[in-house]
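Listed below, chain by chain, are the residues.
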Amino acid sequence: MYSEKVMDHFMNPRNVGEIEKADGVGEVGNAKCGDIMKIYLKVDDGIITDVKFKTFGCGSAIATSSMATELIKGKSIEEAVKLTNNAVVEALDGLPKPKVHCSVLAEQAVKAALYDYAQKNNIVIPGLEDYVPAKDVHDHHDGDGEE
Amino acid sequence: MYSEKVMDHFMNPRNVGEIEKADGVGEVGNAKCGDIMKIYLKVDDGIITDVKFKTFGCGSAIATSSMATELIKGKSIEEAVKLTNNAVVEALDGLPKPKVHCSVLAEQAVKAALYDYAQKNNIVIPGLEDYVPAKDVHDHHDGDGEE
Amino acid sequence: MKKRIYLDYSATTPMKKEVLDEMMPYFNEKFGNASSIHSFGREAKEALDIARDRIAKAIGAASSEIFFTGGGSEADNWAIKGIAFANKNKGSHIITSKIEHHAVLHVCEYLEKNGFEVTYLDVDEYGMIDLEQLKEAITDKTILISIMFVNNEIGTIQPIKEIAEIAKEKGVYFHTDAVQALGNIPIDVKELGVDLMNFSSHKIYGPKGVGAIYIKKGVKIHPLIHGGAQERKRRAGTENIPGIVGFGKAAELAIENLDAHIAHIQKLRDKLIEGIKNNIDYVRLNGHPTKRHPGNVNFCFEFIEGESLLLSLDMVGIAGSSGSACTSGSLDPSHVLMAIGLTHEIAHGSLRLTIGDFTTEEDIDYVIENLITIVDRLRQMSPLYEKVK
Amino acid sequence: MKKRIYLDYSATTPMKKEVLDEMMPYFNEKFGNASSIHSFGREAKEALDIARDRIAKAIGAASSEIFFTGGGSEADNWAIKGIAFANKNKGSHIITSKIEHHAVLHVCEYLEKNGFEVTYLDVDEYGMIDLEQLKEAITDKTILISIMFVNNEIGTIQPIKEIAEIAKEKGVYFHTDAVQALGNIPIDVKELGVDLMNFSSHKIYGPKGVGAIYIKKGVKIHPLIHGGAQERKRRAGTENIPGIVGFGKAAELAIENLDAHIAHIQKLRDKLIEGIKNNIDYVRLNGHPTKRHPGNVNFCFEFIEGESLLLSLDMVGIAGSSGSACTSGSLDPSHVLMAIGLTHEIAHGSLRLTIGDFTTEEDIDYVIENLITIVDRLRQMSPLYEKVK
Ligand SMILES: Cc1ncc(COP(=O)(O)O)c(C=O)c1O
Ligand SMILES: Cc1ncc(COP(=O)(O)O)c(C=O)c1O
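Residue numbers (our numbering), protein chains in the order written: chain A, 1 to 147; chain B, 1 to 147; chain C, 1 to 389; chain D, 1 to 389.
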């Protein structure tokens with residue numbers, strides 16, 4: 001069902017936890033749908049020096065959170081904002097079709113955290129000019145999964 | 001499916017054949033329905049001294065013909081006319097339900113042969129007073145057989 | 001070899017050795033078609049008759065009231081569509097419950113699109129229907145009541161005899177899906193007074209792809225599968241003789257061992273329930289505390305999601321199931337958990353562990369131990385948990 | 001041991017050893033439910049996928065177009081009812097032939113009682129339908145044509161590709177029952193252009209109780225068995241994994257061995273046909289002389305009845321079948337023999353001997369020898385025979 005990479009990031013997730021006094025925090029999803037992702041950023045000189053996450057959700061929700069944090073850690077804000085859900089999926093060697101929404105959630109969580117950082121610091125991040133914080137992501141579960 | 005007795009009378013039928021210049025001949029059934037029985041009688045002094053049959057039909061048609069001829073051989077006409085299909089079924093240790101009609105056919109064939117004998121000799125056999133020769137017997141195949 | 005503990009007996013069971021042994025000759029020695037009159041066919045027919053007798057005996061029915069199917073779902077479909085179509089001149093109303101198996105619910109939904117009206121009875125927090133609500137739901141157009149015997153997710157056992165009495169009084173047919181009941185509680189169709197009852201072989205250590213239905217003599221029903229004259233012209237198709245033979249044997253074993261089986265799994269069930277309750281907080285036992293499948297354990301673990309729980313258990317060799325949306329492949333968590341009044345949040349964190357004949361005390365210890373660690377690990381990762389700490 | 005010669009391969013086949021070997025692990029080791037996400041479930045799912053690919057490959061379909069069922073009859077019922085109910089807004093007319101299997105005919109009769117109109121095409125003396133009659137029968141209300149590929153009694157092969165072309169031109173769905181075709185003639189669904197085609201495992205040395213249907217992508221069809229999300233929500237019920245695995249293997253073997261299989265059985269078939277024709281008078285070969293199942297031999301023996309012929313053969317260890325009324329359990333002889341224009345008298349004396357992979361030359365010699373004696377014995381007893389002598 002899941003690739004080895006997904007299982008590795010699920011069983012040994014990187015960057016789990018919280019950052020006290022984080023520079024940016026983003027939370028997306030909701031408990032009703034069964035997945036919430038919360039990402040904490042530490043930013044120094046435009047560089048993401050630390051990132052942590054907490055996730056309530058299925059295996060791929062946890063794995064995509066872990067991978068997303070890995071992909072932006074040490075990157076500049078400009079690079080981080082370009083993270084796409086496809087990049088997360090690829091880095092995980094793919095996700096089952098009904099689980100692709102988890103990667104969308106991870107992308108949204110990163111953006112939400114960056115947006116929070118921008119708000120707090122009164123700056124505009126290129127690529128987030130038109131960003132509207134959305135807590136729910138609802139394109140998931142196409143319901144045609146074989147089982 | 002069939003009892004051993006039935007199989008024995010099917011594989012080794014008694015009294016198969018014809019009697020030339022028989023004293024009575026009866027034929028019942030029709031080819032369309034898949035069974036025809038023809039019985040030949042030799043009668044001496046009111047006693048059935050010889051009996052033969054020819055049958056076109058299924059295993060139980062052949063077995064019931066054989067058994068019916070055995071049951072009337074050596075009997076008086078009065079006894080023979082009392083042969084019932086149940087007696088044939090019993091003597092064969094039973095028949096599957098959809099095959100019971102074969103025993104009815106055998107009883108009819110005996111009666112038809114006795115009737116023919118009576119007609120030829122211008123006598124009335126007790127029990128056959130109201131007999132009307134019928135070539136077809138159509139109560140068969142209840143069609144609810146399990147298979 | 002890695003430890004593997006199977007606790008998903010309500011999903012399916014391994015076949016017992018005795019069952020496989022009984023089936024073996026029918027694959028390529030006594031392989032005839034039971035409709036054939038030659039010796040190969042007669043061997044098959046004899047085996048079929050024996051299996052039918054065994055099923056009949058297991059539930060107190062006459063052999064002529066037992067019909068084999070290709071599984072539990074087919075039998076559910078047959079019961080409901082067969083009664084609906086055969087009796088539509090009498091009425092077009094069907095009553096069922098909100099916690100039926102999908103093989104009942106989706107048939108009812110299909111019938112709704114085709115001119116029938118269906119009432120879905122509520123259940124209480126334990127998953128029990130309300131007999132008063134049932135009585136009130138019956139109209140003079142009602143032709144069928146279909147209420148499952150034992151729920152497959154939460155294990156709740158319905159008052160089948162009482163439902164049968166109500167149905168009988170009102171002259172309505174009563175079908176019960178007994179797929180999870182057979183082999184786990186005693187069944188006597190005559191004493192219960194039901195009209196139709198169906199079973200599935202692979203839930204009782206028999207082969208997959210075989211089921212059966214009890215249709216009381218005189219019940220008016222259409223076939224679902226038309227064709228050859230098999231099963232007394234009610235269910236066409238060359239009989240799956242090895243499968244049927246295995247099912248017959250499994251049913252025989254199930255009845256012979258019923259008391260020991262129940263005692264064994266109930267003890268382990270209670271041990272597991274206590275172990276979870278005593279060691280993990282923020283949990284909730286789903287289903288009825290006593291009127292319950294003897295091997296069913298179903299808990300919600302707050303703040304975590306069922307699939308991640310299942311995956312984590314799988315990594316330590318434990319096989320369970322969940323009613324979370326992520327495992328059901330639908331938008332919502334299990335309809336059963338919704339029907340007993342759980343919120344989506346809570347229902348997503350459900351775990352079903354079902355115990356069977358091959359489960360041991362040590363298995364249960366191992367599960368409790370691992371569950372404690374896993375639940376803690378997942379909660380530590382959960383943004384919901386931090387809020388209650 | 002008593003000699004036993006099985007010549008009823010069209011009724012059912014023994015399972016091949018390779019098939020059973022492939023199935024064995026799935027009974028009680030890899031016994032999981034393919035819907036479960038744990039390792040037991042994933043093992044089952046993998047096996048399911050492989051089997052589906054094998055069936056798809058055997059007939060040139062995509063795997064996503066293959067759906068497993070509980071047998072050939074279920075698949076026939078599904079195809080016809082499923083298309084009928086899903087397309088009734090388009091029309092209510094179905095075309096089939098008079099020589100279909102009962103799993104098609106009895107469904108059509110059922111639909112006739114439920115608002116559909118059915119045309120039953122005639123066949124000629126060889127059992128072939130008339131393409132002109134078919135064309136004329138199509139109206140703007142026609143939604144489905146169902147014509148079998150290979151007839152199970154007389155072996156006649158229909159012009160499937162030509163029928164598919166006609167159906168396509170008129171925008172009508174075309175279903176063909178290929179239960180007797182698979183493994184006996186090459187099949188490529190794309191080249192043939194059919195919309196639905198169904199199969200049965202136990203006719204190709206696979207296990208009983210499993211079948212499959214090819215449903216071309218885009219075909220509008222309702223499920224027959226509603227419930228769980230198995231088979232992409234089109235056929236509910238826990239998958240019969242061992243059965244499906246066996247069917248997949250059997251299909252793979254059938255395709256690998258197709259040429260050798262056909263050569264083998266066709267040679268023996270022709271030997272048997274010649275042996276009967278040359279040694280017994282008053283006989284008639286039923287079915288088409290060349291467009292014929294490679295293993296099918298079907299004769300009428302005048303003046304004798306089929307059941308007594310079968311029983312006599314059985315006593316010397318030969319297993320065959322007959323279309324006589326006495327063996328079909330109905331009032332009339334086989335509808336197929338009637339449709340090719342035989343009289344009742346003649347049809348009662350039919351014998352079908354079907355040849356398979358395990359049949360040998362010696363078997364055929366033995367059969368011819370015994371048949372000569374048996375036919376003679378029964379004719380000597382027959383009051384019909386004396387008239388022609
Ligand atoms: C042509 C044909 N169609 C359908 C079937 C039914 O298949 P099954 O017996 O697997 O239900 C058969 C065999 O019985 C058949 O020969
Ligand atoms: C209560 C209940 N009904 C019906 C079914 C369906 O049975 P099967 O999988 O044999 O089709 C199941 C199991 O899946 C079940 O638990």
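Warning: the hint list may mix true and false statements.
Claimed, not checked - Heads up, simulated PhoX-like pairs for lysine-lysine below, C-alpha to C-alpha not over 25 Å straight-line:
no., chain 1, residue 1, chain 2, residue 2
1, D, K90, D, K170
2, D, K30, C, K2
3, D, K220, A, K97
4, D, K113, C, K141
5, C, K389, A, K21
6, A, K5, C, K3
7, D, K57, C, K113
8, A, K42, C, K387
9, B, K21, D, K387
10, D, K30, C, K113
11, B, K21, D, K389
12, D, K113, A, K97
13, B, K120, D, K387
14, D, K30, D, K141
15, C, K113, D, K387
16, A, K97, D, K389
17, C, K387, A, K21
18, C, K17, D, K30
19, C, K170, C, K190
20, B, K32, D, K57
21, A, K97, D, K233
22, B, K97, C, K389
23, B, K97, C, K217
24, D, K141, D, K216
25, B, K5, D, K2
26, D, K113, C, K220
27, B, K32, D, K387
28, C, K190, A, K5
29, C, K90, D, K113
30, B, K97, C, K233
31, D, K57, C, K233
32, C, K30, D, K90
33, D, K3, C, K3
34, D, K220, D, K57
35, D, K220, D, K135
36, C, K98, D, K233
What the hints assert, rightly or not - Sample of chain D residues facing chain B (criterion: CB under 8 Å; computed from the structure):
no., residue
37, L20
38, C326
39, E361
40, E362
If you are wondering where the hints come from, they were derived from the structure by calculation, not from laboratory data.
Glycine included, every Cβ here is placed at the ideal spot set by N, Cα and C.
Each hint, compared with the structure:
1. Proximity of K90 (chain D) to K170 (chain D) is assessed by CA-CA distance (about 13 Å); at most 25 Å being required, the pair is judged to hold.
2. For the proposed pair K30 (chain D) and K2 (chain C), the alpha carbon gap of about 15 Å is at most 25 Å, so the pair holds.
3. Proximity of K220 (chain D) to K97 (chain A) is assessed by CA-CA distance (about 24 Å); at most 25 Å being required, the pair is judged to hold.
4. Distance check on the hinted pair: K113 (chain D) and K141 (chain C) sit about 22 Å apart at the alpha-carbon level, within 25 Å; holds.
5. About 19 Å separates the Cα atoms of K389 (chain C) and K21 (chain A), which keeps this hinted pair within 25 Å; it holds.
6. With a C-alpha separation of about 23 Å, the suggested pairing of K5 (chain A) with K3 (chain C) holds against the 25 Å cut-off.
7. Simply put, K57 (chain D) and K113 (chain C) have alpha-carbon atoms about 37 Å apart, too far for the 25 Å limit, and the pair is violated.
8. A threshold of 25 Å between alpha carbons decides the hint, and for K42 (chain A) with K387 (chain C) the separation of about 22 Å falls inside it, so the pair holds.
9. Only pairs whose Cα atoms come within 25 Å are accepted, and K21 (chain B) paired with K387 (chain D) is accepted, the gap being roughly 17 Å.
10. Straight-line distance between C-alpha atoms of K30 (chain D) and K113 (chain C) comes to about 39 Å, which puts the hinted pair past the 25 Å bound.
11. With a C-alpha separation of about 19 Å, the suggested pair K21 (chain B) and K389 (chain D) falls inside the 25 Å cut-off, and the hint holds.
12. As the CA atoms of K113 (chain D) and K97 (chain A) are separated by approximately 44 Å, the hinted pair breaks the 25 Å bound.
13. About 23 Å separates the Cα atoms of K120 (chain B) and K387 (chain D), which keeps this hinted pair within 25 Å; it holds.
14. Distance restraint check for K30 (chain D) and K141 (chain D): the Cα-Cα separation of roughly 49 Å exceeds the 25 Å cut-off, and the hinted pair is therefore not satisfied.
15. For the suggested pair K113 (chain C) and K387 (chain D), the alpha carbons sit about 64 Å apart, so the restraint of at most 25 Å is broken.
16. Of the pairs offered as hints, the one joining K97 (chain A) and K389 (chain D) is violated, with about 77 Å between alpha carbons and a cut-off of 25 Å exceeded.
17. About 17 Å separates the Cα atoms of K387 (chain C) and K21 (chain A), which keeps this hinted pair within 25 Å; it holds.
18. Only pairs whose Cα atoms come within 25 Å are accepted, and K17 (chain C) paired with K30 (chain D) is accepted, the gap being roughly 14 Å.
19. Only pairs whose Cα atoms come within 25 Å are accepted, and K170 (chain C) paired with K190 (chain C) is accepted, the gap being roughly 18 Å.
20. Restraint check for K32 (chain B) and K57 (chain D): the C-alpha separation of about 47 Å exceeds 25 Å, so the hint is violated.
21. A C-alpha spacing of about 16 Å is found between K97 (chain A) and K233 (chain D), which places the hinted pair at or below 25 Å, so the restraint holds.
22. For the given pair, K97 (chain B) sits about 77 Å from K389 (chain C) by alpha-carbon distance, which is inconsistent with the 25 Å threshold.
23. Only pairs whose Cα atoms come within 25 Å are accepted, and K97 (chain B) paired with K217 (chain C) is accepted, the gap being roughly 19 Å.
24. For the suggested pair K141 (chain D) and K216 (chain D), the alpha carbons sit about 21 Å apart, so the restraint of at most 25 Å is met.
25. For the hint pairing K5 (chain B) with K2 (chain D), the CA-to-CA distance comes to about 21 Å; that is within 25 Å, so the pair holds.
26. With a C-alpha separation of about 16 Å, the suggested pair K113 (chain D) and K220 (chain C) falls inside the 25 Å cut-off, and the hint holds.
27. For the hint pairing K32 (chain B) with K387 (chain D), the CA-to-CA distance comes to about 16 Å; that is within 25 Å, so the pair holds.
28. Of the supplied pair hints, the one linking K190 (chain C) and K5 (chain A) is violated, its CA atoms being roughly 56 Å apart against a limit of 25 Å.
29. For the given pair, K90 (chain C) sits about 17 Å from K113 (chain D) by alpha-carbon distance, which is consistent with the 25 Å threshold.
30. Pair hint K97 (chain B) plus K233 (chain C) holds up; C-alpha atoms about 16 Å apart against a cutoff of 25 Å.
31. For the hint linking K57 (chain D) to K233 (chain C), the alpha-carbon distance of about 35 Å lies beyond 25 Å, and the restraint is violated.
32. The suggested pairing of K30 (chain C) with K90 (chain D) is violated, with an alpha-carbon distance near 47 Å, which exceeds 25 Å.
33. For the hint linking K3 (chain D) to K3 (chain C), the alpha-carbon distance of about 50 Å lies beyond 25 Å, and the restraint is violated.
34. About 23 Å separates the Cα atoms of K220 (chain D) and K57 (chain D), which keeps this hinted pair within 25 Å; it holds.
35. Between K220 (chain D) and K135 (chain D), the direct Cα distance comes to roughly 23 Å. Compliance with the 25 Å bound is thereby established for this hinted pair.
36. Among the hinted pairs, K98 (chain C) with K233 (chain D) is consistent with the structure: their alpha-carbon atoms are about 20 Å apart, no more than 25 Å.
37. For L20 (chain D), the interface hint is violated, since its Cβ never comes within 8 Å of a Cβ in chain B; the closest pair sits about 27 Å apart.
38. Against a cut-off of 8 Å between C-beta atoms, the interface hint on C326 (chain D) holds, since the closest Cβ of chain B lies about 4 Å away.
39. Because the beta carbon of E361 (chain D) sits about 28 Å from the nearest beta carbon in chain B, more than 8 Å, this interface hint is broken.
40. Hint on E362 (chain D) is violated. Least Cβ distance to chain B is approximately 24 Å, over the 8 Å limit.
Violated hints, listed in ascending order, are 7, 10, 12, 14, 15, 16, 20, 22, 28, 31, 32, 33, 37, 39, 40; each of the other numbered hints is respected by the structure.
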